[in-house]
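Residues per chain are reported as follows:
2 protein chains.
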Amino acid sequence: MNQSFDIAVVGATGTVGETIVQILEERNFPVADLHLLASIESAGSSVPFRGKNVRVREVDVFDFSKVKVVFFAAGPAVTSSYAAKASAAGCTVIDLSGVLPASQAPQVVPEANAQVLAGLPKPVQVSSPSPSATALAVALAPLRGLLDFQRVTVTACLAVSAQGREAVSELARQTTALLNLHPLESNFFDRQMAFNLLAQVGTPDAQGHVPLEKRLVTQLREILNLPTLKVSVTCIQAPVFFGDSFSVSVQMAGPVDLDVVNAALEAADGLELVDAGDYPTAVGDAVGQDVVYVGRVRHAVDDTSELNLWITSDNVRKGAALNAVQLAELLIKDLP
Amino acid sequence: MNQSFDIAVVGATGTVGETIVQILEERNFPVADLHLLASIESAGSSVPFRGKNVRVREVDVFDFSKVKVVFFAAGPAVTSSYAAKASAAGCTVIDLSGVLPASQAPQVVPEANAQVLAGLPKPVQVSSPSPSATALAVALAPLRGLLDFQRVTVTACLAVSAQGREAVSELARQTTALLNLHPLESNFFDRQMAFNLLAQVGTPDAQGHVPLEKRLVTQLREILNLPTLKVSVTCIQAPVFFGDSFSVSVQMAGPVDLDVVNAALEAADGLELVDAGDYPTAVGDAVGQDVVYVGRVRHAVDDTSELNLWITSDNVRKGAALNAVQLAELLIKDLP
Ligand SMILES: NC(=O)c1ccc[n+]([C@@H]2O[C@H](COP(=O)([O-])OP(=O)(O)OC[C@H]3O[C@@H](n4cnc5c(N)ncnc54)[C@H](OP(=O)(O)O)[C@@H]3O)[C@@H](O)[C@H]2O)c1
Ligand SMILES: NC(=O)c1ccc[n+]([C@@H]2O[C@H](COP(=O)([O-])OP(=O)(O)OC[C@H]3O[C@@H](n4cnc5c(N)ncnc54)[C@H](OP(=O)(O)O)[C@@H]3O)[C@@H](O)[C@H]2O)c1
Numbered sequence: 005m006n007q008s009f010d011i012a013v014v015g016a017t018g019t020v021g022e023t024i025v026q027i028l029e030e031r032n033f034p035v036a037d038l039h040l041l042a043s044i045e046s047a048g049s050s051v052p053f054r055g056k057n058v059r060v061r062e063v064d065v066f067d068f069s070k071v072k073v074v075f076f077a078a079g080p081a082v083t084s085s086y087a088a089k090a091s092a093a094g095c096t097v098i099d100l101s102g103v104l105p106a107s108q109a110p111q112v113v114p115e116a117n118a119q120v121l122a123g124l125p126k127p128v129q130v131s132s133p134s135p136s137a138t139a140l141a142v143a144l145a146p147l148r149g150l151l152d153f154q155r156v157t158v159t160a161c162l163a164v165s166a167q168g169r170e171a172v173s174e175l176a177r178q179t180t181a182l183l184n185l186h187p188l189e190s191n192f193f194d195r196q197m198a199f200n201l202l203a204q205v206g207t208p209d210a211q212g213h214v215p216l217e218k219r220l221v222t223q224l225r226e227i228l229n230l231p232t233l234k235v236s237v238t239c240i241q242a243p244v245f246f247g248d249s250f251s252v253s254v255q256m257a258g259p260v261d262l263d264v265v266n267a268a269l270e271a272a273d274g275l276e277l278v279d280a281g282d283y284p285t286a287v288g289d290a291v292g293q294d295v296v297y298v299g300r301v302r303h304a305v306d307d308t309s310e311l312n313l314w315i316t317s318d319n320v321r322k323g324a325a326l327n328a329v330q331l332a333e334l335l336i337k338d339l340p
Numbered sequence: 005m006n007q008s009f010d011i012a013v014v015g016a017t018g019t020v021g022e023t024i025v026q027i028l029e030e031r032n033f034p035v036a037d038l039h040l041l042a043s044i045e046s047a048g049s050s051v052p053f054r055g056k057n058v059r060v061r062e063v064d065v066f067d068f069s070k071v072k073v074v075f076f077a078a079g080p081a082v083t084s085s086y087a088a089k090a091s092a093a094g095c096t097v098i099d100l101s102g103v104l105p106a107s108q109a110p111q112v113v114p115e116a117n118a119q120v121l122a123g124l125p126k127p128v129q130v131s132s133p134s135p136s137a138t139a140l141a142v143a144l145a146p147l148r149g150l151l152d153f154q155r156v157t158v159t160a161c162l163a164v165s166a167q168g169r170e171a172v173s174e175l176a177r178q179t180t181a182l183l184n185l186h187p188l189e190s191n192f193f194d195r196q197m198a199f200n201l202l203a204q205v206g207t208p209d210a211q212g213h214v215p216l217e218k219r220l221v222t223q224l225r226e227i228l229n230l231p232t233l234k235v236s237v238t239c240i241q242a243p244v245f246f247g248d249s250f251s252v253s254v255q256m257a258g259p260v261d262l263d264v265v266n267a268a269l270e271a272a273d274g275l276e277l278v279d280a281g282d283y284p285t286a287v288g289d290a291v292g293q294d295v296v297y298v299g300r301v302r303h304a305v306d307d308t309s310e311l312n313l314w315i316t317s318d319n320v321r322k323g324a325a326l327n328a329v330q331l332a333e334l335l336i337k338d339l340p
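Residue numbers (our numbering), protein chains in the order written: chain V, 5 to 340; chain C, 5 to 340.
None of these hints come from the bench; they were simulated from the model. Treat the hints with care, as some may be off.
When chains are identical, the list treats them as one kind, so a pair holds in a single copy or across two.
Straight-line alpha carbon distances no greater than 20 Å define the calculated DMTMM-like cross-link-like pairs of lysine to aspartate or glutamate that follow [what the hints assert, rightly or not]:
1. K70 <-> D209
2. K89 <-> E22
3. K234 <-> D307
4. K234 <-> D279
5. K56 <-> D194
6. K89 <-> D294
7. K337 <-> D282
8. K218 <-> D294
9. K337 <-> D209
10. K70 <-> D37
11. K56 <-> E189
12. K70 <-> E270
13. K218 <-> D37
14. K218 <-> D10
15. K56 <-> D37
16. K56 <-> D261
17. K126 <-> E276
18. K89 <-> D263
19. K218 <-> E45
20. K234 <-> D282
21. K126 <-> D306
22. K126 <-> E333
23. K218 <-> D307
24. K56 <-> D67
25. K218 <-> D306
26. K337 <-> D263
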């Protein structure tokens with residue numbers, strides 16, 4: 005394909021936005037003009053792309069009719085304000101904020117439900133799911149046709165970078181303070197994050213679920229196309245800077261043949277299966293990589309109908325920026 | 005009771021042994037003579053007890069007929085070498101190493117299965133379970149009579165102190181190195197432990213389970229007296245110095261009434277229920293405390309037959325030393 009496209013990245017100065025720009029370059033995405041957008045605060049700064057510094061501009065005054073594809077990586081409020089405008093201007097919209105309803109912008113992970121893209125009205129609006137849903141979908145999709153999923157139980161151990169730069173700084177600051185026997189300050193987190201695990205990421209509803217957990221249930225059912233799947237989720241905040249880890253149990257209707265599971269995972273796109281005996285970690289394997297790592301593939305003790313897995317993934321890269329760029333790669337094939 | 009007893013602590017210079025000595029003092033345990041035992045390496049050192057320094061002696065040359073109760077907190081090899089000798093000398097044996105078979109020394113958590121003690125042949129041999137089994141038993145026992153347990157799924161996030169002092173030093177050293185951009189060394193752990201999660205604690209068998217996980221399944225079934233309970237366990241090593249955290253899902257045969265659950269947990273011994281909205285952490289709540297903390301009591305999303313809990317416990321104190329002393333408190337009531 006020789007055609008190239010004008011692209012906008014909204015939130016280009018952020019953790020995810022910067023990674024999108026970097027991946028567009030790495031993967032040789034056919035970019036004609038690249039428009040980098042953010043709030044008025046960082047308008048005028050610049051971000052490197054293909055050896056040049058690209059000036060960041062204010063999203064507020066941007067004319068979306070200049071571009072064909074827009075990545076929204078600036079939070080739910082910004083998507084709510086500008087996605088409709090971009091779509092009305094004819095842009096393909098790829099949203100990373102999770103705010104658009106499934107009916108308008110379905111959640112898509114290319115390795116799991118790329119077929120959804122074909123049926124969407126033009127101009128397409130699509131959502132890149134949460135990093136947790138993306139990682140789990142990549143790991144579970146290859147097994148969906150082989151096994152009869154009854155229930156998925158997940159403990160998601162999330163990196164602080166999912167909460168942005170302030171969270172990363174606070175973990176570093178608290179850790180230094182503790183090691184130097186200085187008093188600990190908690191500003192971003194509501195208590196000690198260093199050398200500790202927080203059992204709740206966000207504010208729970210009356211039923212005790214936080215939005216992140218409910219969203220993961222909804223997104224996983226949608227992406228795997230298993231609308232009645234039972235999904236039980238606990239999201240915990242780990243003292244880890246980058247990379248999410250997931251302890252996953254899947255109950256199946258009958259005995260699971262681990263050879264079949266291993267063969268399916270081995271053959272699957274977007275994931276790396278780690279041999280029995282060894283196991284992947286967030287920091288040692290997943291961070292900076294384009295694949296989700298799956299290890300500790302085993303039954304439960306005395307129960308062959310349950311499958312246990314350990315999954316690690318780079319929350320910013322594979323969990324967000326790369327998935328969004330993969331969606332764009334598929335969608336531009338259908339652009340005039 | 006005015007009677008007091010001669011006591012021996014084997015492994016008195018260790019993490020758990022020192023805490024046993026401290027708790028014997030704190031709880032005013034009726035100690036007559038206290039004998040502190042360890043290997044030849046620390047024989048001659050001393051440990052404080054009731055304002056005096058008690059000299060540590062070599063277990064090898066100890067005459068067990070001098071004492072009525074022996075705590076074994078020096079690892080499986082030491083228990084294997086000396087427990088039979090102590091028992092033959094008429095001592096009540098309380099083992100913390102997990103090496104004695106259930107038929108010889110049942111696993112007991114006073115809050116869950118104290119009744120087992122009454123039926124044991126004299127001199128009694130009893131096992132204080134692993135910290136994970138102890139914490140989970142304290143939290144689940146109050147619900148056992150009320151709900152029909154089908155399956156327990158646990159992700160246990162374990163503190164490095166469970167692995168002894170070298171593990172604690174290595175986490176501190178690695179963390180300092182990373183924050184100062186120095187090269188990282190892994191001697192105790194097989195890879196980076198700082199700011200990371202390790203998915204495997206120990207060496208897996210051909211089925212992929214590590215001994216710690218299998219032991220937890222066996223012990224939990226035994227303590228809860230639910231021999232066919234399905235238990236699915238993943239033990240992960242967290243970059244936390246002290247205090248274990250557990251993400252737990254329990255499937256029940258029918259709908260769970262959360263008011264009943266909360267009332268039962270509120271009334272239970274040995275645990276503190278944390279209100280909805282708030283949640284306990286290992287470092288902020290459990291460490292140094294005599295109770296197991298339980299929070300995030302909730303159903304699964306769209307599934308009232310599943311109960312989710314978050315549990316934290318001090319692995320050294322409530323998970324080991326205190327449970328052992330509680331066992332001793334019950335057992336001395338029956339000593340001549
Ligand atoms: N971090 C992750 O792991 C992750 C993963 C998946 C999805 N996401 C989602 O991706 C989005 C960005 O997350 P992030 O972690 O990259 O956040 P971030 O590092 O805080 O970056 C936020 C970006 O949004 C821009 N922005 C904020 N308010 C704006 C406004 N009113 N108008 C225009 N631009 C505005 C910021 O620009 P300024 O420099 O001008 O402030 C910055 O470029 C969020 O929706 C988040 O939920 C994040
Ligand atoms: N740490 C925990 O969270 C935890 C919890 C529950 C149960 N446990 C169990 O409790 C036991 C002790 O664990 P720990 O963490 O306290 O270990 P630790 O800190 O390494 O202490 C080990 C103790 O055992 C003694 N010891 C070692 N080899 C000996 C030998 N050959 N003869 C006599 N004494 C010997 C050591 O004495 P020296 O000073 O002479 O070496 C020391 O007092 C283990 O069985 C462990 O599995 C530990």
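So, going through the hints one by one against the coordinates:
In this homomeric assembly, K70 and D209 never come within 20 Å of each other (Cα to Cα): the closest approach is 42 Å inside a single copy and 60 Å across copies. Neither within a single protomer nor between protomers do K89 and E22 lie at most 20 Å apart by alpha-carbon distance, with minima of 23 Å and 67 Å respectively. In the homo-oligomer, the alpha carbons of K234 and D307 lie at most 20 Å apart both inside one protomer (19 Å) and across protomers (7 Å), since each shortest distance falls under that limit. Taking identical chains as interchangeable, the C-alpha atoms of K234 and D279 are never at most 20 Å apart, the minima being 28 Å within one chain and 26 Å between chains.
For the identical chains of this complex, K56 and D194 are neighbours neither inside a copy (41 Å) nor across copies (42 Å), given an alpha-carbon limit of 20 Å. Taking the closest pair of Cα atoms, K89 and D294 never come within 20 Å of each other, the shortest separation being 32 Å inside a single copy and 59 Å across copies. For a Cα distance limit of 20 Å, the shortest separation of K337 from D282 qualifies neither inside one copy, at 40 Å, nor across copies, at 49 Å. For the homomeric pair K218 and D294, neither the shortest alpha-carbon distance inside one copy (26 Å) nor that between copies (34 Å) is at most 20 Å.
For the identical chains of this complex, K337 and D209 are neighbours neither inside a copy (42 Å) nor across copies (48 Å), given an alpha-carbon limit of 20 Å. Taking the shortest alpha-carbon separations for K70 and D37, only the intra-copy value of 9 Å comes in at or below 20 Å, while the best inter-copy value is 87 Å. For the identical chains of this complex, K56 and E189 are neighbours neither inside a copy (40 Å) nor across copies (38 Å), given an alpha-carbon limit of 20 Å. For the identical chains of this complex, K70 and E270 are neighbours neither inside a copy (43 Å) nor across copies (62 Å), given an alpha-carbon limit of 20 Å.
Taking CA atoms no more than 20 Å apart as the test, K218 paired with D37 passes in neither setting, with 38 Å inside one copy and 58 Å between copies. Within a single copy, K218 and D10 get their C-alpha atoms no closer than 35 Å, and across copies no closer than 57 Å, so neither meets the 20 Å cut-off. Taking identical chains as interchangeable, the C-alpha atoms of K56 and D37 lie at most 20 Å apart only when both belong to the same chain, with a minimum of 12 Å there against 79 Å between chains. When the C-alpha separation of K56 and D261 is checked against a cutoff of 20 Å, the pair qualifies neither within a copy, at 52 Å, nor between copies, at 62 Å.
Proximity of K126 and E276 under a CA criterion of 20 Å is satisfied in neither setting, with 34 Å inside one chain copy and 56 Å between copies. In this homomeric assembly, K89 and D263 never come within 20 Å of each other (Cα to Cα): the closest approach is 50 Å inside a single copy and 48 Å across copies. In the homo-oligomer, the alpha carbons of K218 and E45 never lie at most 20 Å apart, since the shortest distance is 33 Å inside one protomer and 55 Å across protomers. In this assembly of identical chains, the alpha carbons of K234 and D282 never lie at most 20 Å apart, being 30 Å within a copy and 26 Å across copies at closest.
In the homo-oligomer, the alpha carbons of K126 and D306 never lie at most 20 Å apart, since the shortest distance is 51 Å inside one protomer and 34 Å across protomers. In the homo-oligomer, the alpha carbons of K126 and E333 lie at most 20 Å apart inside one protomer (16 Å), although the nearest pairing across protomers, at 74 Å, exceeds that limit. In this assembly of identical chains, K218 and D307 lie within 20 Å of each other by CA distance solely across copies; the values are 12 Å between and 28 Å within a copy. Proximity of K56 to D67 under the C-alpha cut-off of 20 Å is found in neither arrangement, the shortest distances being 22 Å within a copy and 80 Å between copies.
Only between protomers do K218 and D306 lie at most 20 Å apart by alpha-carbon distance; the minimum there is 10 Å, versus 31 Å within a single protomer. Taking the closest pair of Cα atoms, K337 and D263 never come within 20 Å of each other, the shortest separation being 37 Å inside a single copy and 55 Å across copies.
Violated hints, in rising order: 1, 2, 4, 5, 6, 7, 8, 9, 11, 12, 13, 14, 16, 17, 18, 19, 20, 21, 24, 26; the structure is consistent with all others.
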